[in-house]
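Q: These are the residues of each chain, in order.
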Amino acid sequence: MLSIKNYVRAQSLDEAYALCQKKSSAVLGGMLWLKMQRGGVDTAIDLSDLGLDKIEETESEYRLGAMVTLRELEKHPGLDALTQGAMAESVRHIVGVQFRNLATVGGSVFGRFGFSDVLTMLLSLEARVALHGAGIMSLEDFAASGIRRDILTHVIIPKTPRKCVYLSQRNISTDFPVLTCALSRSDEGVLCAVGARPGRAVCLRGDVAKLADGLVFGSNTRASADYRREICRVLIRRGLERLEG
Amino acid sequence: MEIRLTLNGKKLAADVAADELLIDFLRAHGCLSVKRGCESSNCGLCTVLMDEKPVLSCSVLAARANGKSVYTLEGLQAEAEDFVGFIADQGAEQCGFCNPGFVMNTIALLRENPDPTDDEIRAFLAGNLCRCSGYEGQLRGIRAYLDSRKEARNG
Ligand SMILES: Cc1cc2nc3c(=O)[nH]c(=O)nc-3n(C[C@H](O)[C@H](O)[C@H](O)COP(=O)(O)OP(=O)(O)OC[C@H]3O[C@@H](n4cnc5c(N)ncnc54)[C@H](O)[C@@H]3O)c2cc1C
Ligand code: FES
Ligand code: FES
Numbered sequence: 001m002l003s004i005k006n007y008v009r010a011q012s013l014d015e016a017y018a019l020c021q022k023k024s025s026a027v028l029g030g031m032l033w034l035k036m037q038r039g040g041v042d043t044a045i046d047l048s049d050l051g052l053d054k055i056e057e058t059e060s061e062y063r064l065g066a067m068v069t070l071r072e073l074e075k076h077p078g079l080d081a082l083t084q085g086a087m088a089e090s091v092r093h094i095v096g097v098q099f100r101n102l103a104t105v106g107g108s109v110f111g112r113f114g115f116s117d118v119l120t121m122l123l124s125l126e127a128r129v130a131l132h133g134a135g136i137m138s139l140e141d142f143a144a145s146g147i148r149r150d151i152l153t154h155v156i157i158p159k160t161p162r163k164c165v166y167l168s169q170r171n172i173s174t175d176f177p178v179l180t181c182a183l184s185r186s187d188e189g190v191l192c193a194v195g196a197r198p199g200r201a202v203c204l205r206g207d208v209a210k211l212a213d214g215l216v217f218g219s220n221t222r223a224s225a226d227y228r229r230e231i232c233r234v235l236i237r238r239g240l241e242r243l244e245g
Numbered sequence: 001m002e003i004r005l006t007l008n009g010k011k012l013a014a015d016v017a018a019d020e021l022l023i024d025f026l027r028a029h030g031c032l033s034v035k036r037g038c039e040s041s042n043c044g045l046c047t048v049l050m051d052e053k054p055v056l057s058c059s060v061l062a063a064r065a066n067g068k069s070v071y072t073l074e075g076l077q078a079e080a081e082d083f084v085g086f087i088a089d090q091g092a093e094q095c096g097f098c099n100p101g102f103v104m105n106t107i108a109l110l111r112e113n114p115d116p117t118d119d120e121i122r123a124f125l126a127g128n129l130c131r132c133s134g135y136e137g138q139l140r141g142i143r144a145y146l147d148s149r150k151e152a153r154n155g
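From first to last, the protein sequence lines stand for chains A and B.
Each residue of the first sequence is one higher than the one before, counting from 1 in the numbering used here.
Each residue of the second sequence is one higher than the one before, counting from 1 in the numbering used here.
Heads up, some of the hints might be wrong.
Claimed, not checked - Below are the EDC-like pairs computed for lysine to aspartate or glutamate, each with C-alpha atoms no more than 20 Å apart in a straight line:
| # | chain 1 | residue 1 | chain 2 | residue 2 |
| --- | --- | --- | --- | --- |
| 1 | A | 75 | B | 51 |
| 2 | A | 35 | B | 20 |
| 3 | B | 10 | B | 24 |
| 4 | A | 35 | B | 19 |
It is worth saying that the hints were derived from the structure and are not from the lab.
Please take these sequences and the hints and turn them into a complete structure.
A: If you want it as structure tokens, here you go:
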């Protein structure tokens, strides 16, 4: 169980950023993942007072505040229309409604979890992230980076017209996925993100079925590397069929 | 630190530790319907409503309830009474330990979607684990309640 010495509701991003430079501090998203960590945190930094709990829409993009919950992603009509339901499909298997009312976009993206449905889906939309210290960068670059002590403020989704499909494979409903696969097709071609390999999601562009054969898969308690490779082939084939249909 | 919240409709101020969990705070304030199951955000036994939304009280800091309204089953007895009999009639409760969390989330479901389909019920309640019943009885109970409500409405 996580122990916390001090709880601070940051009153500005500068304050939160300064506090999070200390190794013994932790930024609180929904706290669901953090809570599973052993050990202690000197200062828990709560971003709840910083207005980061909104989904804002401009002419060209959606800006998701870091404290927006996964349930809000699931229920948002604009994101639903933009992704033809794929956004909701990507989160609806994550534990339960009560969990998704707590888990945040910021924690899900900053954590860059290998198993993440959220990361896989957002990569397929060519999202960008806004960090208070490091500035704006593509989610793809952020996912591959080792950036640690920063505050993720927003995830930015361009409103590029795309056809989207989200598919995942689980051993049992509400468990962690054994493979995640998000495909999108825009004027620029097909983009496919594959996660839970079990490594972090990566993006493929072009002949995605062929490129996926070159991906590295691994084994863990949920599935073997060979099983994942086979499932990946199947999910990509189904996804491409649905993009065509 | 001091927090102020509304618990089951009553205003309350209390001192909490930085890492005190909402579940412990609620149980210490007499809300013993709130059950601790997995404590790893998986089972839904600890479900309460915070600002109307169902959340896992084992995974929320009490400090985060500051300024919010929290409801447990103790405060929603009348609303629960409407349908719990239908669930009991189906033999859907055995040990009953999962029941308070299940009832709280069903209240949240029916407030958000008063006339859900079976698939919508299953999806909304997927985060409420029951080690005894197999879920079908619970689904039948909610369905029977909804049907009886519809019948009463249609005369
Ligand atoms: C039991 C369980 C089952 C799960 N199943 C799935 C699943 O099937 N699929 C899936 O995709 N995910 C799953 N997850 C992950 C979950 O969806 C969230 O991604 C995860 O809990 C992190 O979100 P959070 O808001 O709880 O973040 P936290 O736990 O609060 O934070 C996670 C990390 O990010 C940091 N952080 C949080 N917010 C910020 C910010 N704004 N800026 C900088 N750093 C920040 C924290 O310090 C911490 O290091 C599961 C998690 C649990 C606990
Ligand atoms: S005790 Fe909270 S989810 Fe299991
Ligand atoms: S009735 Fe025993 S856990 Fe559900």
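Q: So, for every hint listed, does it hold in this structure?
A: Here is what the structure says about each hint:
1. About 17 Å separates the Cα atoms of residue 75 of chain A and residue 51 of chain B, which keeps this hinted pair within 20 Å; it holds.
2. A hinted pair counts as satisfied when its Cα atoms are at most 20 Å apart, and residue 35 of chain A with residue 20 of chain B qualifies at roughly 12 Å.
3. Distance restraint check for residue 10 of chain B and residue 24 of chain B: the Cα-Cα separation of roughly 18 Å lies within the 20 Å cut-off, and the hinted pair is therefore satisfied.
4. Restraint check for residue 35 of chain A and residue 19 of chain B: the C-alpha separation of about 10 Å stays at or below 20 Å, so the hint holds.
Going down the numbered hints, you'll see the structure goes against none, and every one checks out.
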